[in-house]
Each structure stands twice: as C-alpha cells, then as structure tokens.
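Asker: What follows is the residue order along each chain.
Protein chains: 2
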Amino acid sequence: MADGIDALCYEFGAGKSAIREQFERATKLKESGAENIYDFSIGNPYVDAPPEVNESIVHALELPSVDLHGYTANRGLTYVREAIATDLRQRFGGNYSADDLVLTAGASGALTSTICALTSPGEEVIVLTPYYPEYRMFIQAWHCKCIPVATQPTTFQPDVDAIERAITPCTRMVIVNSPNNPTGAIYDEQILRDLGAMLRRKSAELDKTIYLLSDEPYREIVYDGRSNPWVAGTYSDTIVCYSYSKSLSIAGERAGYVLVPRSVINHDRVIDAILGAQRVVNTIMPSIIQRVVGECVGAPAPMDAYTRKRGLIYEGLARIGYEVVHPDGAFYLWMRALEPDEDAFSDRAFEHGLLLVASNDFGIGGYERLSYCVADETLAGCLPAFQELWDDYGGYTW
Amino acid sequence: MADGIDALCYEFGAGKSAIREQFERATKLKESGAENIYDFSIGNPYVDAPPEVNESIVHALELPSVDLHGYTANRGLTYVREAIATDLRQRFGGNYSADDLVLTAGASGALTSTICALTSPGEEVIVLTPYYPEYRMFIQAWHCKCIPVATQPTTFQPDVDAIERAITPCTRMVIVNSPNNPTGAIYDEQILRDLGAMLRRKSAELDKTIYLLSDEPYREIVYDGRSNPWVAGTYSDTIVCYSYSKSLSIAGERAGYVLVPRSVINHDRVIDAILGAQRVVNTIMPSIIQRVVGECVGAPAPMDAYTRKRGLIYEGLARIGYEVVHPDGAFYLWMRALEPDEDAFSDRAFEHGLLLVASNDFGIGGYERLSYCVADETLAGCLPAFQELWDDYGGYTW
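Note that the protein sequences, when read in sequence, are chains R and G. Quick note: to get the working numbering, add 333 to the position in the first sequence (first position is 1). Quick note: to get the working numbering, add 333 to the position in the second sequence (first position is 1).
Please keep in mind that the hints were generated in silico from the structure rather than gathered at the bench. Mixed in with the good hints there might be a few duds.
Which copy? The list can't say, so a pair holds if one copy fits it or any two copies do.
Said to hold, decoys possible - Simulated crosslink set (EDC-like; lysine to aspartate or glutamate; CA at most 20 Å straight-line):
id: 1; residue 1: K535; residue 2: D336
id: 2; residue 1: K361; residue 2: D420
id: 3; residue 1: K541; residue 2: D527
id: 4; residue 1: K535; residue 2: E553
id: 5; residue 1: K541; residue 2: E395
id: 6; residue 1: K361; residue 2: E415
id: 7; residue 1: K478; residue 2: E656
id: 8; residue 1: K361; residue 2: D400
id: 9; residue 1: K478; residue 2: E672
id: 10; residue 1: K535; residue 2: D492
id: 11; residue 1: K478; residue 2: E648
id: 12; residue 1: K535; residue 2: D676
id: 13; residue 1: K361; residue 2: E385
id: 14; residue 1: K535; residue 2: D725
id: 15; residue 1: K478; residue 2: D336
id: 16; residue 1: K361; residue 2: D680
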C-alpha cells in the first residue's frame, strides 16, 4: 500500500550523511564506555558560553511570565533587533535597522527561510565546493537545483570565472560562506568585489536579480587579528544569514537571523516573503533565547580557546606529515586523506578511534574534515593515534 | 527586473490574515497609549506558566555549559522523549516509547514537518471548517491542495459522510483538531471511531494510506471534567502533533512534538522522513526548552483560570443576546456575527475597542472568534462595549 512518504525527506532523514553517521558512531561508542575515542565529527562548540548567556537567562526569569514566555511577533522582539542593528552599524557601517532583520532559529532557519522565499521550483542555486552539506538539502527541499562550482585549488577562494560559467537563465542565488566550513578559508575582499561586479553584470544581462546569500556563522571566529570582509558591503543584493551558535557557544539554542540590507531590490517585499516562509517552516526564535541575544549581542567570541585548539591540532598533524590547510577562521581542519578513497580512509581512521568526516558530503573527494571545537585533551591525546594511522599507510599513497 | 520572490511566501508574509491584522492593530493602539482596548485576537496564554517551568530553567543552568547549550540530536534528548512516552502510556495506554517521538519547535513545527514528510506535490489534505488558518499554509507550502469540508451545523462535530465524499485518489491526509480552535468543540469518540473506520475502508479501496493528523495543542484544556477522546486510539494511522504552548503557558518557547505510534504503517520510515523534513524546515526544539519539557511533562494545565475566564465571557455575552458556542475545551469563543458580513462586523466592533477575528480566515462566513486567554479585567471590562455594539445593530440583523 502506498505510504506516500516523500522520497527527498526520507533520503534526508535516513540517507547517508557522513557527519551524522560519525556522530552516531561516536555517541554509541561513548555510551558503551569505550575509551580513546577522538571525535572530530560535529561542529558543536566545546567552549563554555560567556557568562553573559546564563546571566541573561536569570535576568529574563524576573520578567512577568506572560511577557517572557508568550508569543513574540514572528520577526522577533523589536529591542533585540535594534540591538543587533546597532552592533552591525558600529562594526560594518551601513544604515542597518531593526526593520532589516528577521530573527530565526539559527542560521539553518535563516537559510531555509531565505531560499524558500526567494526561489521558485526549477531554479538553480550555486554553491562553492567544498560546501556545507546542509546547503544541498535546503536547496533541493524547495525543488531547486544545487549547482556545485569548484573553488580555486590550494587557496579554496571563490573562482569568479568558474561561477560566471555556471550561471544560466535559471540561476537565482549564489551561496558563500566565509570564514569557510570546512576549509577555514576567509574570502579575499577583492575576489568578493569581483564576484559582486560579475553578479551585477549577469543580473542585468539576464534581467533578473541574482542574490548573494552570505552564510556567516563563523564571522567572529577569525584568527591572528585578520579581518574578515563584510560581504554585504561588496554587492547590493546580498542577504546575510547569521547564527550565534558559534560566537556565543549556544549551538543547541537555535539563535540566528536574516539581514536584508536596504540596498536589496524590493527590500520590503523580500522581508515579507521571508516572514511568509518563516511561518511555513516555523523557524521562529524562542522567546527566552531572544532575550539572551538581546543582552549578549556584543559578547566577544572565545578566540583564545580556539587559537589554542587550532595550534594543538594543526601543528600536531603537520608535524606528522599530514597535508592540512591552515585555518584563518572557523574551527575546522581540512586534511588531504592518505588514500584517494576518503570513505575507506575514514573507516581506517575509525579503527584507531579517530572520527573524521569524509569529504564527499562536501561535494569533493580525497579529503577529511576535522572539527577541532573539542576538549584540549582530545586534541593533545589524539596525536599518537594519528601517528599510528600514518604509519599504517606509510604516509601518502597518492 | 524579476526579483524571484515566491508568490506563496509573499502571500503568507504580506497577505491578509485577520488574526495578524487584528494583533497588529491592537499592538499599535496599545503602544499609542489607548485605553479601553479589548484584544481577543490571538491565542497567547495570559496565565502564568506553572512554577516548574522557571524552576526547571534554573536547574538547567547548573549543567555544564557545553552540555546545556550544545547541539542535541535532531529528534531531541532521549530522557525527555522517555519522560513524554511514559506520561502518554500512563494516561492513554498504548505502548508508546521514546523512539516514537520527535521533539519539535511547537505544534506548528510538528505539523509542517509531518505534512512535508508524508505528502507529495498535488496531493490533497482535508481540513474541517472552521479550521485553524495556518493549516492552509502548511498544506500549500508543500504544493498540496487544502480541501475544506464542513463540520455538522450547531455541534461542529466532524461530518463523516461529508469527509468520505471529499476523498479522492489524491487524498493523503485528514487533519482533526480536538478540542477545537476556533469552536471549542470536543470531538465525540464514536464519531472519531466512525471516521477511523471510514478511513480504513477508503485506504484499502484506494490502496494507499490516508493518514489522520491529530493536532492536539488544547488536549489538556478541557472543562467540567469532560473526557477528551484519545484520537490515536481510534485509527491506527494517526499521527499526533502536540504543543506545550497552552498546557504550560509557554507559547513563545516553541515546545512540541510529533508522536508516530507503532501502529502507523512503515513506522520507522515515517519517523525517518519526519526527521528529514525537520532538517529541511529546522524546527528543532532548543536545548534549554527540552530540559523544561523534561521536568514539566506532567504539570497540570491551569484549568481554574480558564474556567473562570470562560464563565466571565460566555455568560456575559449570552446574557446580552449574542449567539455563542459553549466551549467544552480550548479557550476560544465562537460567536455568530450580528450581520452576515463578518469583516464589516469586525470593523464595527473595532470602533468600540473590541478586537475580534472574522471567520473567513477559518474557511466560513458569518462568525467571529474571540480568544479569551486574556486578563480577567479585559473579560469583565469588555461587556459594556459589547452591549453598545449590540445596541448599535439592535441585535441580530439576519
């Protein structure tokens, strides 16, 4: 009897996901009491939230219950959106206001709402490989095509010519993510400006708006005092999706937003469509979490911790001989696998207690992603296991 | 230049919604300092959350930050799902387990995920008029058709024959909501059994599963010691969507779940598809809210407060002469408008400071919905305004 289960949803829920499989493997192992498990599978901050987070929750509990726990407007509390807009103006210039913001349940909620709102079935969305695997889902769920375009070799910077070649009359959007998950690359400002100029030219040529969707959950996770270009400053039709998951270490609390700068064509219609999408997908930020964001908007990211963690793992692996990309931002290490079959390499690493994520989920082969937002002991303790893995292979086989 | 805005999203975000329009009207008026505004537009509990809610938040803050604020599995923490399953077994029998539950961001998240997971574009979902307006959005967003079927006159009970006549080879699902928003009706157990028998027969005839989606946010809001039939006990392919918004008075915190009983055909595939849909729509319940649910799962609904509120408004309006349906559950009063044009009547009521919701959003004409989950002073204070409105019309004009 036909059960009517949607094939795509089933695939998303039951199909292969390297990240989720490794996460579940790790959870099972830990529950069984296994030791010497080094889990680098998921980007779950292993750093305490700043004290402001719990303090803001305690403050919120002083509010009358019906004010604190009742419905807010779908777009979020005005004072919270004002606090965010003020912070953005101070840091990036521009004329951002509360009316340009829609609070969402994390960056995922922001991305899925925006893609739902601004695409029609059959349109194409360009992503840059290696890319965050959930993009493909957020795109296909709205019956659009996910078009992967390779970044530049070694630097993993956007290849503007390659993106231009991939643009067709069906292109509606390009997604960029800087600092990048999984490579740790920060996109170069001039390359972003070139990308913007090209998108402006192609939009005019095709007589349609091609949006730039800037997914920025790692915006505050930047090392060595480097600057991270403000993407919305390089192209007028940029929409920004942000998350406090990483900067405030509250990934489980689902706090994010969409920013639609006033420069975006038909700004008010775009906001209305995103609000409409948000009703459908129901990615409204919970009331108490809105209060947290309102109080913590300017809290600095824990860069001391991440810098220390990056040093431990990057230097440890490079010393053994692994080809690892030096991350300028985010908290992922992108490593060339010792053999070309990244799934086989993941399985072999697993035998040594190392849970890595094979790169095919990210749209390319031959690499592994390590999330190094883990305990320092894991980062220090894993190195002998990586040495054994290296010795097993005798170094790179390709 | 084509901006690519999705027409449906734009309509959902900017189009007419009687509930939202009235809510915004009321907000503006209150901000302008207007007095004697009686806002019955939105179902936002005006009752304090039970003390367990804030206590559970305080308890949660004692957890290590990375445990409390980190990602949980998408389906939710195991101990929370176990607590819910135990509560369900104790109250309704059955063999419900943690594996049958997916935690979601409110009942809306549960509904949109389930409809996404179990329908294909072009299929039909039957709703019973008057129905909760968001159903239409959740259905149309997944490119399905919303098929309204009238309930029985006066009682607002499901009309099983009418539902059967509306079933076609494209029917995938019937949504029921008891206690009902907006009528306050509790569906009769025998009628639900008849509905289940008919759905079983039609499923066999059409060789496809027709799901019964039971939306139960008001399950605990039942008056006069009446019992509320357990819908999942009347039909094996029932999927339950629940929210703690009303029972715990935490509408803003987005806490709900989907229950897929083991009797549902291809149970594990259905769960996987709902988890897949949940990744797409991102209605994952925030971590701290999961802890609240885990501790408060058995907290009783504030029935004393709602019984008092129901008495104030129902008796007050009936005494004036309004035709109002006596609610057996939920916290809405369904009132026949004094003139057949419900929009015109809403506007006239507004002149007296009364914010009601016209029934056309609910799929029928000639009625108004009042949410009486408001302050007692509003319920007592509004009666002179209702009397003036009555006098204005000189009673019913139709």
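Asker: All hints, please: hold or fail.
Answerer: Now the hints, each set against the structure:
no.	hint	verdict
1	K535 to D336	between (44 Å within a copy, 14 Å between copies)
2	K361 to D420	neither (42 Å within a copy, 27 Å between copies)
3	K541 to D527	within (19 Å within a copy, 54 Å between copies)
4	K535 to E553	neither (31 Å within a copy, 56 Å between copies)
5	K541 to E395	neither (50 Å within a copy, 53 Å between copies)
6	K361 to E415	between (44 Å within a copy, 18 Å between copies)
7	K478 to E656	neither (33 Å within a copy, 53 Å between copies)
8	K361 to D400	between (41 Å within a copy, 17 Å between copies)
9	K478 to E672	neither (31 Å within a copy, 51 Å between copies)
10	K535 to D492	within (16 Å within a copy, 56 Å between copies)
11	K478 to E648	neither (39 Å within a copy, 58 Å between copies)
12	K535 to D676	neither (38 Å within a copy, 47 Å between copies)
13	K361 to E385	neither (33 Å within a copy, 32 Å between copies)
14	K535 to D725	neither (50 Å within a copy, 61 Å between copies)
15	K478 to D336	between (26 Å within a copy, 18 Å between copies)
16	K361 to D680	within (16 Å within a copy, 60 Å between copies)
The structure is inconsistent with the numbered hints 2, 4, 5, 7, 9, 11, 12, 13, 14, although it conforms to all the rest.
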